[in-house]
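K.L.:
In this note's numbering, the protein residues as written are 1 to 351.
Bear in mind the hints are in silico, worked out from the structure with no lab data behind them.
Take the hints with a grain of salt, since some may be wrong.
Quick list of in silico lysine-lysine cross-link-like pairs, DSS-like style, CA-CA up to 27 Å [unchecked claim]:
1. K205 with K194
2. K271 with K238
3. K326 with K205
4. K287 with K326
Everything numeric in this text was worked out from a predicted model, so none of it was measured.
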Amino acid sequence: MLIRTRAPVRIDFAGGWSDVALFTEESKGLVINGAINRYAYATLVCESQTEFPDSVELQRVLDKKIRIYSADYDTFVEAEDVRQLEYDGNIDLVKAAVRQMSIQFGSFDLITQSNAQPGSGLGTSAAMGVTLIGVLGALKDVTYLPYQYAELASSIERHELGILGGKQDHYASAIGGINFMEFQGAEVKTSPIKLPAHIQYELEKNLVLCYTGQSRLSGNIHQNVTQAYKSDEPSVRKALENLKAIADSTKTALIRGRLTEFGELLTENWKNQKKLHASVTNEQIDKLFKVAIEHGAIGGKACGAGGGGCLLFYCQPTREHNVRQKLEEAGTRIIDFNFDFDGLQVWRAEP
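My request is simple: use the sequences and hints to build the entire structure.
P.N.:
The structure is reproduced here in C-alpha cells:
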C-alpha cells in the first residue's frame with residue numbers, strides 16, 4: 001500500500017504574530033494570508049521495501065519496523081516501534097506525528113520532502129505537520145475535517161515539541177486559498193477571500209517572492225518577542241494592535257481590488273513587525289528592501305517571523321521584472337508561485 005499527501009506553504013500578508021497563543025489569550029488576533037503552490041510531501045509505504053537515495057545505507061536495517069527518511073535533511077531514522085522514536089533534534093516533527101497519531105501498524109517506510117526551503121518563513125514546518133497528519137490518518141483509515149488537520153498539526157508543535165508559534169500556518173496548509181483568519185483563545189475562524197479572476201492574476205503577477213539565502217530560527221525570534229510582550233513593553237503591545245488593524249485594512253483592500261493600497265499596507269505591516277524586536281530584521285534584509293523599493297516595489301515585508309528566510313514585495317504593474325532582476329543580482333533566489341486553493345490533498349498510488 002502506498003499513500004501520498006501534500007500540503008501547501010503560505011505567504012502571510014498581514015497580522016502575523018497576533019495568532020500566537022500567548023497573545024490570543026488576551027485579545028483577538030487577525031491575520032490574512034494565502035497558500036501557494038509550494039508543498040510539503042509525505043509518502044508512506046506499508047509491507048514493501050522502498051528505494052531510498054544511494055546516500056542512505058539501508059541494508060543493515062531492513063529488519064527494523066519503522067523507517068523514516070527526510071529528503072530535505074538527508075536524515076534516516078529507524079526504530080523497532082513507535083516508543084523508540086526519541087526526540088533528539090533529528091526530524092523530531094516526523095517522530096512526533098507518528099507518536100501523536102498512535103501508529104501501531106507493522107513495518108512501514110515514511111518519506112518526507114518539501115520543495116519550499118526550510119527556514120524560509122513560509123510555514124514549511126506547519127505544512128509538513130499537516131501533510132504528516134494526512135498520510136498517517138489515511139494509514140489508519142481516518143478522515144478529518146480541514147480544521148482538525150490544522151489543530152492536530154498545531155498541537156504536535158506546541159504541546160508535543162514545545163515550539164512557540166501561532167496557528168495561521170497550519171490552517172493555511174489545511175484549507176488552501178486566500179483567507180482572513182480570526183484567533184480568540186483556542187477558537188479559530190477562517191473566511192475565504194474570493195477574488196475576481198483578474199485581481200488574482202494581477203496579484204500573482206506583481207508579487208515578487210525571494211529567498212534571502214539566510215535561513216532563520218523562528219523559535220529564537222519568538223522567544224525574544226514573547227519576552228518583550230511579557231515584560232509589558234508598550235511599543236510591542238502597540239505594534240501588535242497595529243498589526244491587527246493592518247490585517248483588517250488589507251482584507252478590505254483585497255476585496256475592493258485596491259492593489260496599490262495592498263502593497264502599501266505590506267510596508268506598514270513590516271514597520272510594525274520590526275518594532276517587535278531588533279532580531280526581526282538585519283543589515284542584509286534592510287539592503288534588499290532598499291534595492292526593491294528603488295527599482296519598482298510599492299511595498300513589502302519579511303515572511304513569517306523575519307530575521308531571514310523569504311521577503312515578499314508588491315510591485316508596480318510594469319516594473320516587477322526590474323525588481324526580480326535586481327534582487328537576483330543582489331544574491332537572492334526568486335521563487336515563482338501561484339496561489340493554491342486545494343489545501344491538503346491525500347491520494348493512493350501504485351507502489
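K.L.:
Looking at the structure, which of the earlier hints fail to hold?
P.N.:
none
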